[in-house]
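Here the protein sequences come in this chain order: G and L.
Read in order, the letters of the first sequence are residues 1 to 278 in our numbering.
Read in order, the letters of the second sequence are residues 1001 to 1277 in our numbering.
Simulated from the structure, these hints should not be mistaken for lab results.
Hints are supplied without guarantee of correctness; some may be wrong.
Unchecked claim - Pulled from the structure, derived: some chain G residues nowhere near chain L, Cβ distances all over 12 angstroms:
1. 18
2. 78
3. 199
Said to hold, decoys possible - Below, in silico cross-link-like pairs of lysine-lysine (DSSO-like), each with a Cα-Cα straight-line distance of 27 angstroms or less:
4. 1024/L - 29/G
5. 1146/L - 1272/L
6. 276/G - 157/G
7. 1128/L - 276/G
8. 29/G - 1233/L
9. 1080/L - 1260/L
Glycine included, each C-beta is placed from N, C-alpha and C at the ideal position.
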Amino acid sequence: MELTSSVLDIDLREVETQITRFIREYFEKTGSEGIVLGLSGGIDSCTIATLSAKAIGGRRVLGLMLPERETYREDDVKHAQTIVRKFKLKSRLCDITPVLEAFYGSIPIFEPSEKVSKGNIKARTRMIYIYYYANKSNLLVCGSSDKSETMMGYFTKWGDVAADIYPIMDLYKTQVQRLAQHMGVPEEIIMKPPSPALWPGQTAERELGIKYETLDLILYGLEHFMTGKEIAEQLIVEEELVNEIKLKWLSAEHKRRMLLTTKLAYRTVGADFRLKRG
Amino acid sequence: MKQKFRITLAQISCVQGAKAVNLKRIEEVVVKAKKLSSDIVIFPELSLTGYVVRDQIYELAETIPGPSTNIIENLARKTKTHIVFGMPELSEKTQATIYNSAILTGPNGFIGRYRKMHLPTHSVFEEKRYFRPGYQVAAFNTELGKIGLIICYDIFFPEISRLTRLEGSQLIICISASPGIRRAFFETLISARAIENTAFLAYVNLVGIEDGLQFWGGSRLVGPQGKVIAKAKYDEEDLVTCEIDYADIRSAETFVPTLKDLRPELFEELRKSAERL
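Isolated chain G (complex conformation) (with noise of 0.2 angstroms):
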């Protein structure tokens, strides 16, 4: 196989019926009154938001905006405006600060200089005011992950990832930034480096190593049984390079599936029950 950005094409109005016919049908299926995302004003929510509304109506989605005082951007909430207004969507904006002050203070070992733990705080916090209004409302929750940032493990467990579906979970990053272009996403919003907004200053980029379009290609060769000589040899990486995302990969298996017990009974959740999804 050859590795080059052509494999990464993807027929965009195809995808885009298949992505809004899935959202529409679980919508229905469920007997949801409407759909609720996290909207940061990043391209992957703005995308997911463009979508939500197309399948179901702007009206009928919510858009969240839940900011805090550390990493707040003036762009991303005008960004999320953009998109609300355009696509015509409901929407709240909530400032989280005061709520991650509490946990700070309240948490006897917090240490504000481990912004890992700190930042995840702040992904958990946005999924439980997303569910909130979830529960409230009837609302399906709808994902904004990639598989980009899904295989590399690059998300907080139990936060960001936290949705009732993934529309775009099976979109590379580069093939989001194609498909947010064709559903009319502005240009400024898709040239914004993306970000968790974890801590000040954090781009995904700088924090796993990799331009996208090299991740992108290197993951898509691992997804096709490629191994790590001919995907460092095709795209004039370094071999250590491949391996080691391949081993990010891997070891992050255990924040996408989840539910681990050790088998004691005749059928176990998590291992061998095989259910339909509600």
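Got chain G sorted already, so can you dock chain L onto it with the hints?
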């Protein structure tokens, strides 16, 4: 035996695990097809239960005869129609051995069943976890000529269609539950199986979304020279009724005489090579 008759491709979506709902839907469609003078109505793979039912299969599977086949047989008698549908078939001799089966019934009752021989267990498919494979191809004498049954992934293996054709099938029916990602493969293979066997091939696929799998529909009747005689919509429910005229087989058999030119000695070689793979 009729040389010409009308066939309905009943491209429906199913409610997962809800046999009563699906049976009602099958009945509605058969009654509708009868009004269009259809002689045979074909439903997708596992249309009794939906495709993705996972562990629920153990409570859904039924023997043949059983409550659901009785309902379908009565429907076929009442409407004087042939019906093909799919269901998880529980072996009469055991309590949890299940086949993925296609059932053919007619105005005079049950005609025959085919138990899927190739069970996909890769990618999103886990059929071998639940089903025992069948061991026999199916070719049944009916008022509508000799009819062969195959199921979905079987179409990737030309020997199944070939065997049923060599048993005399003029119409090969393939019931299916194929997700969209495989559409291009199926569209090619459906025509190939019809052409190489100089037979009619009726392909009926599921539509709808089950646990994230989107079934693509695109059901069709292909003639013995590969002509797509009728085709259902992609991705949504559709009923397509069209005509089969077996006279078309004769001209196909003389135009590209694949059956005349068969080389049986190769089959033994095939078997040996396959065993050594």
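For each hint, the structure was consulted:
The claim that residue 18/G is not at the interface with chain L is violated, since a C-beta of that chain comes within 12 angstroms of its own (minimum 6 angstroms). A cut-off of 12 angstroms between C-beta atoms confirms that residue 78/G is not in contact with chain L; the least separation is 34 angstroms. Under the 12 angstroms C-beta cut-off, the non-interface status given to residue 199/G relative to chain L holds; the minimum distance is some 34 angstroms. Proximity of residue 1024/L to residue 29/G is assessed by CA-CA distance (about 19 angstroms); at most 27 angstroms being required, the pair is judged to hold.
As the CA atoms of residue 1146/L and residue 1272/L are separated by approximately 31 angstroms, the hinted pair breaks the 27 angstroms bound. Our distance criterion of 27 angstroms between C-alpha atoms is met by residue 276/G and residue 157/G, whose separation comes to about 23 angstroms. Distance restraint check for residue 1128/L and residue 276/G: the Cα-Cα separation of roughly 17 angstroms lies within the 27 angstroms cut-off, and the hinted pair is therefore satisfied. The straight-line distance between the Cα atoms of residue 29/G and residue 1233/L is roughly 22 angstroms, inside the 27 angstroms bound, and the hint therefore holds.
For the given pair, residue 1080/L sits about 36 angstroms from residue 1260/L by alpha-carbon distance, which is inconsistent with the 27 angstroms threshold.
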